[in-house]
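Protein chains in written order, with this note's numbering: chain A, 378 to 494; chain B, 1371 to 1482.
Warning: the hint list may mix true and false statements.
What the hints assert, rightly or not - In silico DSS-like links for lysine-lysine, alpha-carbon gap of 25 Å or less:
no., chain 1, residue 1, chain 2, residue 2
1, B, K1372, B, K1449
2, B, K1372, A, K390
3, A, K480, B, K1481
4, A, K480, B, K1412
5, B, K1469, A, K475
6, A, K429, B, K1481
7, A, K429, A, K390
Claimed, not checked - Some chain B residues flagged as far from chain A (calculated, every beta-carbon gap over 10 Å):
no., residue
8, R1371
9, F1430
10, T1471
Unchecked claim - Okay, the calculated bits of chain B under chain A, using three or more residues with CB under 8 Å as the criterion:
no., segment
11, 1440 to 1451
12, 1473 to 1480
If you're looking for bench data, these hints aren't it; they were derived computationally from the structure. Note that the Cβ used here is the ideal one computed from N, Cα and C, for glycine as well.
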Amino acid sequence: AAGVIQSPRHLIKEKRETATLKCYPIPRHDTVYWYQQGPGQDPQFLISFYEKMQSDKGSIPDRFSAQQFSDYHSELNMSSLELGDSALYFCASSLSSKHKGAKNIQYFGAGTRLSVL
Amino acid sequence: RKEVEQDPGPFNVPEGATVAFNCTYSNSASQSFFWYRQDCRKEPKLLMSVYSSGNEDGRFTAQLNRASQYISLLIRDSKLSDSATYLCVVTSFKAAGNKLTFGGGTRVLVKP
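In isolation and in its complexed conformation, chain A is listed as follows:
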């Protein structure tokens, strides 16, 4: 079965550069989520989108922005990168419980490992 696809898998940037992470949800899933996991930490929620509209917002820095497109894929844009942004960035997708029988369970992609030098 198709899973959540994230690209790139690895990304190396320098301070003050920008980065764009992409996420392709499981087919038919209408909701995407972004999480950041620093070294030795648990994943922290950044932002989510349902039907292309922002649904919830967590601890996402103002330097970051995200959107969900008409084909349901999502992009996380990160500007003015800092050393502390080095982390694993996971995208997850779910089928909302507005669909009959759906349980709104989140499935994660393999992540993008971002290193800021």
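Fit chain B to the given chain A structure using the hints.
Positioned in the frame of chain A, the structure of chain B alone reads:
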């Protein structure tokens, strides 16, 4: 104080033994509960949802105590492949877009 707390471990478990661990959550509005497992440097993978009545999936049994706000996971007949970090996850109910709140994870090491 974290919203979801777990004993970080590690729990060193002989192969074939039983191991159990808990997590506690502070938000009484939490509605859905899960256990995810995460292998080193990989994505969290859903192990099982946790229901009020308790539920079992093969060698794994999960319990939820809403009154005391804790969730437990028990692994029977541990296999070497069970070595991982187990993440306790809670979320409030929304039809879509609800964030998952993770505990810090409990590390389990199953040894021959």
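Evaluation of the provided hints:
1. Using a Cα cut-off of 25 Å, the hinted pair K1372 (chain B) and K1449 (chain B) is violated, with the two alpha carbons roughly 31 Å apart.
2. Using a Cα cut-off of 25 Å, the hinted pair K1372 (chain B) and K390 (chain A) is violated, with the two alpha carbons roughly 31 Å apart.
3. This hinted pair does not check out: K480 (chain A) and K1481 (chain B) have alpha carbons roughly 35 Å apart, beyond 25 Å.
4. For the suggested pair K480 (chain A) and K1412 (chain B), the alpha carbons sit about 24 Å apart, so the restraint of at most 25 Å is met.
5. Distance check on the hinted pair: K1469 (chain B) and K475 (chain A) sit about 16 Å apart at the alpha-carbon level, within 25 Å; holds.
6. Of the pairs offered as hints, the one joining K429 (chain A) and K1481 (chain B) is violated, with about 46 Å between alpha carbons and a cut-off of 25 Å exceeded.
7. For the proposed pair K429 (chain A) and K390 (chain A), the alpha carbon gap of about 28 Å is over 25 Å, so the pair is violated.
8. Listed as outside the interface, R1371 (chain B) is consistent with that label: its C-beta sits roughly 14 Å from the nearest C-beta of chain A, beyond the 10 Å cut-off.
9. With 10 Å as the threshold on Cβ separation, the claim that F1430 (chain B) sits away from chain A holds: the shortest Cβ distance comes to roughly 16 Å.
10. Chain A draws T1471 (chain B) into its interface by the beta-carbon criterion, the shortest separation being 7 Å against a cut-off of 10 Å.
11. Using a Cβ-Cβ cut-off of 8 Å, 0 residues of the segment 1440 to 1451 of chain B lie near chain A, which falls short of the minimum of three, so the contact claim is violated.
12. Coverage of the segment 1473 to 1480 of chain B by chain A holds. Counting CB-CB distances below 8 Å, 3 residues qualify, and the rule asks for three or more.
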